[in-house]
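Chains A and B, in that order, are what the protein sequence lines are.
So that you can map any letter, position 111 of the first sequence is 717 in the working numbering, and since no number is skipped, the others follow by simple counting.
So that you can map any letter, position 99 of the second sequence is 107 in the working numbering, and since no number is skipped, the others follow by simple counting.
Just so you know, not all the hints are guaranteed correct.
Unchecked claim - Computed beta-carbon distance windows for the label pairs:
hint	chain 1	residue 1	chain 2	residue 2	range
1	A	Leu-888	B	Gly-25	45 to 51 angstroms
2	A	Leu-850	B	Arg-124	21 to 27 angstroms
3	A	Arg-699	B	Gly-284	29 to 35 angstroms
4	B	Asn-167	A	Arg-699	54 to 60 angstroms
5	B	His-371	A	Arg-899	39 to 45 angstroms
6	A	Gly-833	B	Arg-124	40 to 46 angstroms
7	B	Arg-17	A	Phe-714	36 to 42 angstroms
8	A	Val-695	B	Arg-22	52 to 58 angstroms
9	A	Val-695	B	Glu-67	32 to 38 angstroms
10	A	Pro-877	B	Arg-124	47 to 53 angstroms
It should be emphasised that the hints constitute simulated quantities derived from the structure, not laboratory data.
Quick caveat, the model's predicted, so the values are computed rather than measured.
All C-beta atoms in this analysis are idealised placements derived from N, C-alpha and C, irrespective of residue type, glycine included.
Now for the letters of each chain:
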Amino acid sequence: MIETLLEVLGRIDYLFLLGASLRAATPIVFAALGGIFSERSGVINIGLEGMMLTSAYVCYKVAVLAASPWVGLLAGVVAAVLIALLHGVISIRYQTNQVVSGTVINIFAAGITGFLFRVLGAQESAPYLPNMNMPGVRDVPLLGNQPMLTWVMVGMVGLATFVLFRTTWGLRTRAVGELPRAADTAGVPVNTIRYANLAIGGAMAGLGGAFFTLHTVSSFTPLMTSGQGFIGLAAMIFGNWTPLPAMLAALLFTVPQALAGQFQMFGVPLPYQIISTLPYVLTIIALAGVVRRSTPPAALGVPYAK
Amino acid sequence: MSEPVLHMRNITKRFPGVVANDHICFDLNKGEIHALLGENGAGKTTLMNIFYGLYQPDEGEIWLNGRRVTIHSPRDAIALGIGMVHQHFTLVPTLSVTENVILGAETGQLGILDTRSPRARVAAIAQEYGLEVDPDALVRTLPVGVQQRVEIIKALYRNAQVLILDEPTAVLTPLEVERLFATLRALVQRGVSIIFISHKLKEVMAIADRITVLRQGRVVGSTTPAEADEAKLASMMVGRPVMLQVEKAPAQPGEVVLSVHNLKVMSDRRAVAVDGVSFEVRAGEIIGIAGVEGNGQSELVEAITGLRPPVHGEVLLCGRPLPHALPRAAIEAGMSHVPEDRHKYGMVAQQPLFVNLVLSTFHKPPFARRGLLSLRTMREHARRLIREFDVRTPNEQVRIASLSGGNQQKAVVAREFSRPMRLLVAAQPTRGVDVGSIEFIHKRIVQARDQGAAVLLVSAELDEVMSLSDRILVMFKGKIVGERDGRSADRAEIGLLMMGKAEEAST
């Protein structure tokens, strides 16, 4: 048994494993990045799931109508940003509880996309976004060729890190999320920063949503985001509201799945179900060990009033 | 005298139900320190928040350097050369000193943060004014005294010509206050004008060139330290003569009421907060614990009152161990507790005053019989306490949150003093309370002692500890580092002990 396992481990194509894991992690990481921007500025955003779902639907529908995945992508991102701004109006302007607002957005998105799907139907296939060969890893089989949005995601993790920690914008965002009064008395417009970061978060969720309908399958099915927005939030917390660790946390969820596929391929006598539980087991371990030490932005969830 | 830098004319600001500023006139000359003195709620902070653009006045004009200005936001104020050091610091704990200083005034191209040249400027400003601080340190790792320096640097970095300091000494040790004053004098020498907001008479007398006193939103008068003395200022603030010194007879200690043995308590952050502390408090004496806040006093009090289980050691009340984390057991054993954070432990903000006045005894007769509350008895009881303790309130049914801080505190004191008391644990009993009420609360504490209660007083106000205590214990980093007799204790020596400098204090 052990020997077979070792033998299989020796035969696994690790590059393929990495590629598959990155691919599966794409929407999760986008959701995590969306969460990081919103929450670093102090606004809880559990509506990412709904924003992704909305984007997935809009991407599909517009891509079909315009016969262009690019137009679809743009429309999906715009739709998600608009919903993010709605969350902003509810929670920043009217200072409603942010968890309630986010929940409302999730329910609303599930309802409206399901309704439209039934009314308008979804027979046609949407045009796909292209896969891309990344220079440098182009010639590496199975890793070099990935969906375009997966490469965008990898780049975005770097960009988000830079923006948060090396730019004026990032400094202000972090200040607003930690102690808005400090930012306000230093002349930084707290609520403007929060709206803008929510919009950025919405755009991230929009890109994540596009992955479902413009890469994975070319059609929409109700609730197709299946909780990946929430897993993204979990990755954000594991990653302590920091982009690169959040991406690694997202991989923690997707590597076991890819591994399960490989095990099956090589006929390892380990039930698929056991490997499928791995992400959850890892989640529990991580929750127990990591989350206690994680520190959310201090002003998270608190509306700012002078 | 030079021309005024600032002239505020007839500033009026109304909030629902109160006139916070009622036609206030205030001016500031170049290079002077003008103190704004008044009790809590007198309107000092409101006036300065108007000047700093956080509030808009309902009436009145602000003239700066001979020009009329309207200040809509802190951004406007900063642009006009106004800097403010708020009472509650506005520093982001997770950012570095430099990052905090440049926040909102960042330099750099294409939005990319430049920290190198600001860092050098921060260091230069720190050097020039004796505001020693490491520009790269994370603010949360700095003691409050140093954080305040960062606040001042922040204002100077923005070229502030007028600096407002709101209750700047509230969080400082005596030595740090000296240091702050030296900095302020250096600033004034270089032409900065300073508005110094305070309710502490001693400090105002020591640092100000001029003093303007506010009471209930109005200017009562202006004077100078040369013309006034503390008693005069106090009566201007309160509107009647005030006793500044507590009169008390020598203590007559009786049997031991509270004894604490080798107590070890952890803080919320799981660090050792109280480290092997032992002491006794006898009936008829006041033991004062002096120390800079955050040296374990809060945890010590919580352990004694049953709010926090100690990890080691024991607390005996009249020779019997107190069950840990059972506040009611402590109350039944005759302990009264005026907690340091009344909002957290002292009152239920959204409940009526009369309910708050029976929080520790509501379950017993005469307030409850067979599980039913007698609201009428509770109200009568409340009316009696309101009279006796001079709680200023429209009636006993208003929510306690609607009272001023000083009156909330008097209500908490009233409740704790209204039941038979063997031990009084009073933590920061006069925090946020005006001079008149301080006098009253101090009298009641001494009265409790004279009636045979043992009193443990914990206060960050050194003057309070010195004037009330029969014995003084100094706490530093969780340990008792010194014990002095209350009557012969030397203020400077206690100050040194509070800084952990036991060697210097004993020589």
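Verification of the supplied hints:
no. : hint                                      : verdict
1   : A/Leu-888 x B/Gly-25: 45 to 51 angstroms  : violated, 57 angstroms
2   : A/Leu-850 x B/Arg-124: 21 to 27 angstroms : holds, 24 angstroms
3   : A/Arg-699 x B/Gly-284: 29 to 35 angstroms : violated, 53 angstroms
4   : B/Asn-167 x A/Arg-699: 54 to 60 angstroms : violated, 35 angstroms
5   : B/His-371 x A/Arg-899: 39 to 45 angstroms : holds, 41 angstroms
6   : A/Gly-833 x B/Arg-124: 40 to 46 angstroms : holds, 45 angstroms
7   : B/Arg-17 x A/Phe-714: 36 to 42 angstroms  : violated, 53 angstroms
8   : A/Val-695 x B/Arg-22: 52 to 58 angstroms  : violated, 30 angstroms
9   : A/Val-695 x B/Glu-67: 32 to 38 angstroms  : holds, 34 angstroms
10  : A/Pro-877 x B/Arg-124: 47 to 53 angstroms : violated, 58 angstroms
Checked against the numbered hints listed earlier, the structure breaks hints 1, 3, 4, 7, 8 and 10; every other hint is satisfied.
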